[in-house]
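**Student:** Respectively, the protein sequence lines represent chains A and B.
Note that the UniProt record's numbering numbers the first sequence so that position 197 is 197, with each residue one more than the last.
Note that the UniProt record's numbering numbers the second sequence so that position 310 is 310, with each residue one more than the last.
Treat the hints as calculated values from the structure; they're not laboratory data.
It cannot be assumed that every hint is accurate.
To give an idea of the interface, some chain A residues facing chain B are shown, with a C-beta separation under 8 angstroms as derived from the structure [stated by the list, open to error]:
#1 L37
#2 L47
#3 V52
#4 E53
#5 L56
#6 C57
#7 R58
#8 L61
#9 N64
#10 Q68
#11 I69
#12 Q70
Here are the in silico distance ranges between beta carbons for each label pair [to be verified]:
#13 S29(A) - D189(B): 18 to 26 angstroms
#14 A193(B) - S29(A): 38 to 46 angstroms
#15 S29(A) - P248(B): 16 to 24 angstroms
#16 F57(B) - S29(A): 47 to 55 angstroms
The structure presented is a predicted model; accordingly, all values stated were derived computationally and were not measured.
Ideal placement from N, C-alpha and C gives every residue a C-beta, glycine not left out.
This is what each chain is made of:
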Amino acid sequence: MFVRGLKRKCFDGEEDIEGTLAGIKAIPSYNLQRQSLLDMSLVKLQLCHMLVEPNLCRSVLIANTVRQIQEEMTQDGTWQMINTQSTGQASLDRLVSTDILCRSSRDQTEGKHVPAYGTFNKDFESDQAQDSSETMSTASSVQAPRNLQNNVWEMENPQENKGNFQKSLDQIFETLENKSSNSVEDLFSEVDSSYYDLDTMLTGMMSNTKMGHCDSLETFSSPTNTASNSNCKSDLNDLDHIVEILVES
Amino acid sequence: ADIISTVEFNYTGDLLATGDKGGRVVIFQREQETKSRPLSRGEYNVYSTFQSHEPEFDYLKSLEIEEKINKIRWLPQQNAAHFLLSTNDKTIKLWKISERDKRAEGYNLKDEDGRLREPFRVTELRVPTLKPMDLMVEASPRRTFANAHTYHINSISVNSDYATYLSADDLRINLWHLEVTNRSFNIVDIKPANMEELTEVITAAEFHPHHCNTFVYSSSKGTIRLCDMRSSALCDQHSKFFEEPEDPSSRSFFSEIISSISDVKFSHSGRYMMTRDYLSVKVWDLNMENRPVETYQVHEYLRGKLCSLYENDCIFDKFECCWNGSDSTIMTGSYNNFFRTFERDPRRDTTLEASRESSKPRAILKPRKVCTTGKRKKDEITVDSLDFNKKILHTAWHPMENIIAVAATNNLYLFQEKVN
Numbered sequence: 001m002f003v004r005g006l007k008r009k010c011f012d013g014e015e016d017i018e019g020t021l022a023g024i025k026a027i028p029s030y031n032l033q034r035q036s037l038l039d040m041s042l043v044k045l046q047l048c049h050m051l052v053e054p055n056l057c058r059s060v061l062i063a064n065t066v067r068q069i070q071e072e073m074t075q076d077g078t079w080q081m082i083n084t085q086s087t088g089q090a091s092l093d094r095l096v097s098t099d100i101l102c103r104s105s106r107d108q109t110e111g112k113h114v115p116a117y118g119t120f121n122k123d124f125e126s127d128q129a130q131d132s133s134e135t136m137s138t139a140s141s142v143q144a145p146r147n148l149q150n151n152v153w154e155m156e157n158p159q160e161n162k163g164n165f166q167k168s169l170d171q172i173f174e175t176l177e178n179k180s181s182n183s184v185e186d187l188f189s190e191v192d193s194s195y196y197d198l199d200t201m202l203t204g205m206m207s208n209t210k211m212g213h214c215d216s217l218e219t220f221s222s223p224t225n226t227a228s229n230s231n232c233k234s235d236l237n238d239l240d241h242i243v244e245i246l247v248e249s
Numbered sequence: 001a002d003i004i005s006t007v008e009f010n011y012t013g014d015l016l017a018t019g020d021k022g023g024r025v026v027i028f029q030r031e032q033e034t035k036s037r038p039l040s041r042g043e044y045n046v047y048s049t050f051q052s053h054e055p056e057f058d059y060l061k062s063l064e065i066e067e068k069i070n071k072i073r074w075l076p077q078q079n080a081a082h083f084l085l086s087t088n089d090k091t092i093k094l095w096k097i098s099e100r101d102k103r104a105e106g107y108n109l110k111d112e113d114g115r116l117r118e119p120f121r122v123t124e125l126r127v128p129t130l131k132p133m134d135l136m137v138e139a140s141p142r143r144t145f146a147n148a149h150t151y152h153i154n155s156i157s158v159n160s161d162y163a164t165y166l167s168a169d170d171l172r173i174n175l176w177h178l179e180v181t182n183r184s185f186n187i188v189d190i191k192p193a194n195m196e197e198l199t200e201v202i203t204a205a206e207f208h209p210h211h212c213n214t215f216v217y218s219s220s221k222g223t224i225r226l227c228d229m230r231s232s233a234l235c236d237q238h239s240k241f242f243e244e245p246e247d248p249s250s251r252s253f254f255s256e257i258i259s260s261i262s263d264v265k266f267s268h269s270g271r272y273m274m275t276r277d278y279l280s281v282k283v284w285d286l287n288m289e290n291r292p293v294e295t296y297q298v299h300e301y302l303r304g305k306l307c308s309l310y311e312n313d314c315i316f317d318k319f320e321c322c323w324n325g326s327d328s329t330i331m332t333g334s335y336n337n338f339f340r341t342f343e344r345d346p347r348r349d350t351t352l353e354a355s356r357e358s359s360k361p362r363a364i365l366k367p368r369k370v371c372t373t374g375k376r377k378k379d380e381i382t383v384d385s386l387d388f389n390k391k392i393l394h395t396a397w398h399p400m401e402n403i404i405a406v407a408a409t410n411n412l413y414l415f416q417e418k419v420n
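Okay, chain A solo, but in the shape it has when bound (with noise of 0.2 angstroms):
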């Protein structure tokens, strides 16, 4: 959830090192930019909505793009070709950065569930009566990230890679419409100061929804932070609710 934090070493947004990278702006290649969205989409499909369930039809147009971008990739043959480029090297701990915010801030109490990696019950209907599979959704929830963390560092395989992604793609899937059961305590006990710090962090970087921070990936020139801004707007939205509820509670 609070992802967007981090920030990428080599693309900073020129709002913040104004000059400084100017001379930088050199035309990445084509599948820096394809890593960028994809990128992007595996981090808005881990973002869920603590309390309401997530969209959809926003999750499956997700899905499909992230998968036809590592249908491309791997018909390229880029998914071991991203591992030797230094540029590549920036994404890629960007990438594993940003999934280790999200899963530290989540699992921040005795690595209980990330809402975002439910049951294992793959009958929908039959979900509604067994919903009271805590335990076994704590243990998948672990591994979930750990599986996109590994599609990421296993960059030699690729066709394991692809396995992988695929089953986390899957896994993420799944989670979408068997929404996490977590019960009301759990989910206020998961909160907690760390919150706070995250936020005064993120204030500092936080702006307006505006055009320019995507602006070349547009024309694909060279990505800025495609740490969207937005959706740090709309977590900070998430955590005032949280801290809301907290308060009246």
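Since the structure of chain A is already known, use the hints to place chain B on it.
**Tutor:** Then chain B, alone, in the frame of chain A:
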């Protein structure tokens, strides 16, 4: 005031209902023309306000069910009362809105204040008389259609038989009878056996205006299926399949997302249907499945900005569209509080803005223009200065006259054609 989430005129256009994110329904009524207030022709004033849906909590899944009203559909009027269906993500309700302007006085067994009279005081029988009172508009829930949808309801549509209606969620469509709340029939089910294989969802559905056996539903892949309920109980097999072949030259990673249909509406004639995807509105002839007969670009200048719009989630905004009464013009919303009307024959399009600054009462709306080239003319707006938080998703057109209702976030604007 809360964010308006749906706008709908009734069959005569005298009533306009709006639903909002807080679960409230506000109904406006058109003022009658009177000699004493000639300028009040066409004005809509608040008629009734009620809380249709409350937030709920699904204890099994530990999720909130939003009270936001997704759709309102009126029923045709059959007696003095008005009926409408309103729905949130999970539950549909039938509301009765009735007027009371008389009250009975002179009961035999009760006093005026309602207390029972002492029996020995009743010395004679009298017939209660009706006395006028201040108009009171009451809304009461008559039916609740619940527990039929696992996924979020996106559409409801009343059938032309005025006895049944359909409700559609992301993966299923159910058929209801207005009188029966404990049973609904599933007529479309696109849920795959393995949810991991899910790649397409239902985005909108509507009954044909005249043929009570026909309905259409649109998908996130930009296709429309027309189904005939006479062919089988479960309409998984479509009768017609509408899809425009993709233009390979404009293919990008966002192609599928922008092809996702956000709204589908039959024309009043029943001959055509209109679909809205992210960048365009298309009119289809029901007799031709392989491509639309007309395509209108709503905001083509956004095509170069799709990545940013993906980043800030605007690319997932669901715009609605509507026909005017004679099907000669269509209307849909855009960003920056702009909305567009397209006259079909001859072709003419207009961009207007729904905002306080540009909408003084009785003032004529000035057409707006978005600058797509480098040189900005006076009064033009550049694409970069568009406000993407000001989106017009919901619009409605009076069934007979040129009066339109435009919802701009939490404000409702009503515009009418200037009559000299």
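**Student:** Of the hints stated earlier, which fail here?
**Tutor:** 2, 12, 13
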